[in-house]
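Residues per chain are reported as follows:
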Amino acid sequence: DAKTTQPTSMDCAEGRAANLPCNHSTISGNEYVYWYRQIHSQGPQYIIHGLKNNETNEMASLIITEDRKSSTLILPHATLRDTAVYYCIVRVYNNNDMRFGAGTRLTVKP
Amino acid sequence: NAGVTQTPKFQVLKTGQSMTLQCAQDMNHNSMYWYRQDPGMGLRLIYYSASEGTTDKGEVPNGYNVSRLNKREFSLRLESAAPSQTSVYFCASTPGGTGVGGANVLTFGAGSRLTVL
Numbered sequence: 001d002a003k004t005t006q007p008t009s010m011d012c013a014e015g016r017a018a019n020l021p022c023n024h025s026t027i028s029g030n031e032y033v034y035w036y037r038q039i040h041s042q043g044p045q046y047i048i049h050g051l052k053n054n055e056t057n058e059m060a061s062l063i064i065t066e067d068r069k070s071s072t073l074i075l076p077h078a079t080l081r082d083t084a085v086y087y088c089i090v091r092v093y094n095n096n097d098m099r100f101g102a103g104t105r106l107t108v109k110p
Numbered sequence: 001n002a003g004v005t006q007t008p009k010f011q012v013l014k015t016g017q018s019m020t021l022q023c024a025q026d027m028n029h030n031s032m033y034w035y036r037q038d039p040g041m042g043l044r045l046i047y048y049s050a051s052e053g054t055t056d057k058g059e060v061p062n063g064y065n066v067s068r069l070n071k072r073e074f075s076l077r078l079e080s081a082a083p084s085q086t087s088v089y090f091c092a093s094t095p096g097g098t099g100v101g102g103a104n105v106l107t108f109g110a111g112s113r114l115t116v117l
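For the protein sequence lines, the chains are A and B, in the order given.
For what it's worth, the numbering used here labels the leading residue of the first sequence as 1, then goes sequentially.
For what it's worth, the numbering used here labels the leading residue of the second sequence as 1, then goes sequentially.
Please note that a few of the clues may not be correct.
[Unchecked claim] Selected chain B positions facing chain A (in silico; Cβ < 7 Å): (1) F10; (2) L45; (3) A50; (4) Y64; (5) G101; (6) N104; (7) V105; (8) A110; (9) G111.
[Unchecked claim] Sample of chain B residues with no beta-carbon within 10 Å of chain A, all distances over it, derived: (10) G16; (11) D26; (12) M27; (13) R44; (14) E52; (15) P83.
If you're looking for bench data, these hints aren't it; they were derived computationally from the structure.
Just so you know, these numbers come straight off a predicted model, no measurement behind them.
Backbone N, C-alpha and C define an ideal beta-carbon position, used for all residues, glycine too.
Using the sequences plus the hints, can you model the full thing?
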């Protein structure tokens, strides 16, 4: 499965869009991109996933480049409650070996 | 619909003691997972069960055993606890199935905080 690279940390001003990048240059054609977040010491929470088209739900938008080698998670209006560690994972839909990297620690500041 | 339930939430053990962490899901999911998270670190996969009756090792299986008791329940056992196993343990499940990315969306429990003295 493709490896992912994310920045260690990012800051964002409250009310502004938070754009979290993920590099997955070795992604294969049948691998999905999944995003999760973990707020403090809670269990991780699913945010969104996509294959090649951009996706949007009530939490976020996922933009995947045309070559699929990178993606960006967008929180359109970040709030203090969005402060969390965000994880990008690339997996074939039926690969159960679901491993997490170190993620990006997003801090939303007033 | 409780999702993924883990017990106990907190446990303190002495070195050498054994214990079992219990996990149950009520979403009719096929696959279940155990992760550990050490302070300030990311999640590491211990074991997973793709379907009832199967289990596979993840990144850090040493010192643990698992049992997929039935479709709902997946337990993690520490036979002889060591201080290095002090961690927060998370259980998760995915629907499984065919053909769509949603089959692999993880739902996590709230975690079990284990301290080994």
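Cross-check of the supplied hints:
Annotation: F10/B was flagged as interfacial toward chain A, and the flag is violated, the nearest CB pair being 12 Å apart, outside 7 Å. The restraint placing L45/B at the interface with chain A holds, with a minimum CB-CB distance near 5 Å, inside the 7 Å limit. The beta carbon of A50/B comes within 4 Å of a beta carbon in chain A, closer than 7 Å, and the hint placing it at the interface holds. Taking 7 Å as the C-beta contact cut-off toward chain A, the hint placing Y64/B at the interface is violated, the least distance being around 16 Å.
A cut of 7 Å between beta carbons decides the hint on G101/B: the least distance to chain A is about 4 Å, and the hint holds. Because the beta carbon of N104/B sits about 5 Å from the nearest beta carbon in chain A, less than 7 Å, this interface hint is met. A cut of 7 Å between beta carbons decides the hint on V105/B: the least distance to chain A is about 5 Å, and the hint holds. Hint status for A110/B relative to chain A: holds, with the closest Cβ pair at about 5 Å, below 7 Å.
With its C-beta approaching chain A no nearer than about 6 Å, G111/B sits inside the 7 Å limit, and its interface hint holds. Once the 10 Å rule is applied to beta carbons, G16/B is consistent with being away from chain A; the minimum gap is 27 Å. Under the 10 Å C-beta cut-off, the non-interface status given to D26/B relative to chain A holds; the minimum distance is some 16 Å. Separation of M27/B from chain A is adequate, the least Cβ-Cβ distance of about 13 Å exceeding the 10 Å criterion.
The beta carbon of R44/B is not kept farther than 10 Å from every beta carbon of chain A, the shortest such distance being approximately 8 Å. With a closest Cβ-Cβ approach of about 13 Å to chain A, E52/B is found to remain outside the 10 Å limit, as its non-interface label requires. Once the 10 Å rule is applied to beta carbons, P83/B is consistent with being away from chain A; the minimum gap is 20 Å.
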